[in-house]
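Q: Each chain, letter by letter, is given below.
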Amino acid sequence: MAVLEVRDLTVSYPTRAGSVPAVRGVDLTLDAGETLGLAGESGCGKSTMAAAVLRLLPPGTRTGGSVLLEGEDVLAMRPGRLRAVRWTEAAIVFQGAMHALNPVRRVGDQIAEAIQLHGKVGDKQAATRVGELLEQVGLPARRAASYPHELSGGQRQRVMIAMALACTPRLLIADEPTTALDVMVQAQVLALLEELGRELGLALLLITHDLSVLAATCERIAVMYAGRIVEEGPADKVFEAPAHPYTRALAEAFPTIGDRASRRNPHGLGGDPPDPRDLPGGCDFHPRCPVSIAACPTLELQLWPAGPGPSGRRAACVHVRDGRPELVREAPVVPVGEDAPAHRG
Amino acid sequence: MTATQPAPAASPAGQEPILEVRDLHVHFGARRGRGSTARAVDGVDLQVRPGEIVALAGESGCGKTSLARAVLGLVEPTSGQVLYRGKPLGRAQRALKPYRREVQLVLQDPTGALNPRQSVYESVAEGLRIHGVKGDEETLVADALARSGLRPPRRFFLAYPHELSGGQRQRVVIAGALALEPAMLVADEPVSSLDASVRGEILALLLGLVRDLGLSILVVTHDLGLAWNIADRLAVMYLGRIVEQGPTETVLADPRHPYTRALLSVVPEVRHAAPQILSGEPPDPTRIPGGCRFHPRCPALASGAAAEAGVDDRCRGEPVPVLRGVAEHHAACFLTDESVRKEGGSRVGR
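Taken in order, these protein sequences are the chains called V and F. Mind the numbering: the first sequence is residues 1 to 345 in this note's numbering, read in order. Mind the numbering: the second sequence is residues 346 to 695 in this note's numbering, read in order.
Each hint should be verified, as a subset may be incorrect.
[What the hints assert, rightly or not] For lysine to any residue, the following SDA-like pairs were computed, each having C-alpha atoms within a straight-line distance of at most 25 Å: (1) 237(V) x 614(F); (2) 442(F) x 559(F); (3) 237(V) x 310(V); (4) 237(V) x 687(F); (5) 120(V) x 106(V); (6) 687(F) x 641(F).
[What the hints assert, rightly or not] With the Cβ distance kept under 10 Å, some of the chain F side facing chain V (calculated, not the full set): (7) 538; (8) 569; (9) 622; (10) 624.
Think of the hints as simulated: they come from the structure by calculation, not from any bench. Nothing here was measured: the structure is a model prediction, and the numbers come from that model. Glycine included, every Cβ here is placed at the ideal spot set by N, Cα and C.
Chain V on its own, in the form it takes in the complex (with noise of 0.2 Å):
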């Protein structure tokens, strides 16, 4: 059985103008061990994605579908159920770190907190288990006494990746977990998630705009733009021959340093993401998308598959659609800056 199965999951946020989509029918599958990664940009829903999987949305949010975790539905889950399966079956570690963390209480004790909400642990017993966990993540365990603002950034992140594991979850969900660090220490911090995970047989899902970080990290790739998946696949393949315009922008959003390619020409996208209150239509790609054709505004999106044989790669493109993807992968550069649409409003 799958650690996380999501069957066309759709989030909608209440706002005084009605009800807007933030995840649009996603489906995604993720086993014990595996490590896929969701690429997209602010706005695409991802993060959304990933409160929904432990219910974390605000209230009078509304979903459908169903998330399950060790097929079990957190969507239709009671109150109780719900916080016994927080932690110890999925954890997430946020985006930022330096804020997660209470600023007046020792780490230790915070990591402490989490065992012992979870468990009949006593406190000596507690310690002991926070230290272990503080030398799983590469930090002496004396450090449990210090307070947040001690730790550099890239330790705050381990004590959170620490925290995340205090309950030996099944499921870890890793949401721009290096963002804000430095590249050495997010090689560091990277590192030790995919230990984690193949030490633990963790699933491990990584949630960031970065898709190099991705390619580099994880097995699979999963791309999301306004709401929905468009495109999946090996994470190799999907990064190094994307399937989809949009994948193919941001895969060299990010020079490979030596590709003469990319030098004194960085790459682009004109336009900015869709407001999800209006949004376009069809392949919602299409107003920024250098190859649209007159179908891309009323396309009927779906993933169709975009490699040979099982590798599972599927991409929500008509070229795919209709088995030309080379006119994805072909397709002149646009030149950027010049022309971008001036205003989303």
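Position chain F against the provided structure of chain V, taking the given hints into account.
A: Quick look at chain F alone, frame taken from chain V:
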């Protein structure tokens, strides 16, 4: 090549630098009776020539932001000089004012840099008013917005920051700088808080400003990919010193300093030639190690490569010469840089 006189160094193109930093030190005092002085910038030479983009790269705490602040006259150097068009920077506020019009700062986080209660027009016009720029204000603001890629500019006049996307906000910040017709921009992590697809657009805009307006840009970043995308020259900073600098292509294709090599190896890519993850955090500028300041973390010293070459004692005990702000590729490393090894004295470069 290895002469050490501290005369102003002309570039190979014979062009005088627009900005020059000479033996700059920025130290921060310890709090009363506790700890010791932090040497954030600890002897840096750097030049930026007209029409050139220089990237200053390094991890948090390496001193790159302190260096940028000293360049802007926002923090007074402990010693050393910042020269603009060959003249040392004045220290009085009055003397700094014309300089601050010509050298403009572009901040990292456009959301924090813009006043949320000010319209785009007001934000861009503010600098014009402070500096008493003559001419039709509306035209100047519109021109600056258009040059930053916000077109048609008048549509943005009455917009407020919250109505704009992250990329648009960063363009407004850049427009505010451009309105004053600066000769140089100092950009501190100009794209690190932006989404992936917007990043390329802002970098393209910076490149275009150099091409079309002949601006010079000093860009402070931890992102070597950004340097590859836009910078002519790259200086890598570690613990208050520039440890390697040269033309971007040369430094990134053939990095000499073990620190640059490690930094380059952890840039995320699909298939990596064994990333060299340095353990620990960047060390503390209040306790700079003796000898080469990188030696406690140096993979080349740890692996014995330095001992094999017979320089390990120097790595541990001898101060590495300061790299001069010259165009050629140099690394402050006894092991990998021939002239540093020979020099062993004060400065390397012409």
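Q: Compare the structure with each hint and give your call.
A: Structure-based check of all given hints:
1. Distance hint between residue 237(V) and residue 614(F) is fulfilled; the C-alpha atoms sit about 13 Å from each other, no more than 25 Å.
2. At most 25 Å may separate the alpha-carbon atoms for a hinted pair to count; residue 442(F) and residue 559(F) meet this at roughly 22 Å.
3. Pair hint residue 237(V) plus residue 310(V) holds up; C-alpha atoms about 13 Å apart against a cutoff of 25 Å.
4. For the proposed pair residue 237(V) and residue 687(F), the alpha carbon gap of about 48 Å is over 25 Å, so the pair is violated.
5. A C-alpha spacing of about 21 Å is found between residue 120(V) and residue 106(V), which places the hinted pair at or below 25 Å, so the restraint holds.
6. This hinted pair checks out: residue 687(F) and residue 641(F) have alpha carbons roughly 23 Å apart, not beyond 25 Å.
7. The closest approach between the C-beta of residue 538(F) and any C-beta of chain V is roughly 9 Å, which is under the 10 Å cut-off, so the hint is satisfied.
8. Using the Cβ-Cβ criterion of 10 Å, the hint placing residue 569(F) at the interface with chain V is satisfied: the shortest such distance is roughly 6 Å.
9. At about 5 Å, the closest approach between the beta carbon of residue 622(F) and any beta carbon in chain V falls short of 10 Å, and the interface hint on this residue holds.
10. For the restraint placing residue 624(F) at the interface with chain V, the shortest Cβ-Cβ distance is roughly 8 Å, inside the 10 Å limit, so the hint holds.
Checked against the numbered hints given earlier, this structure breaks only hint 4.
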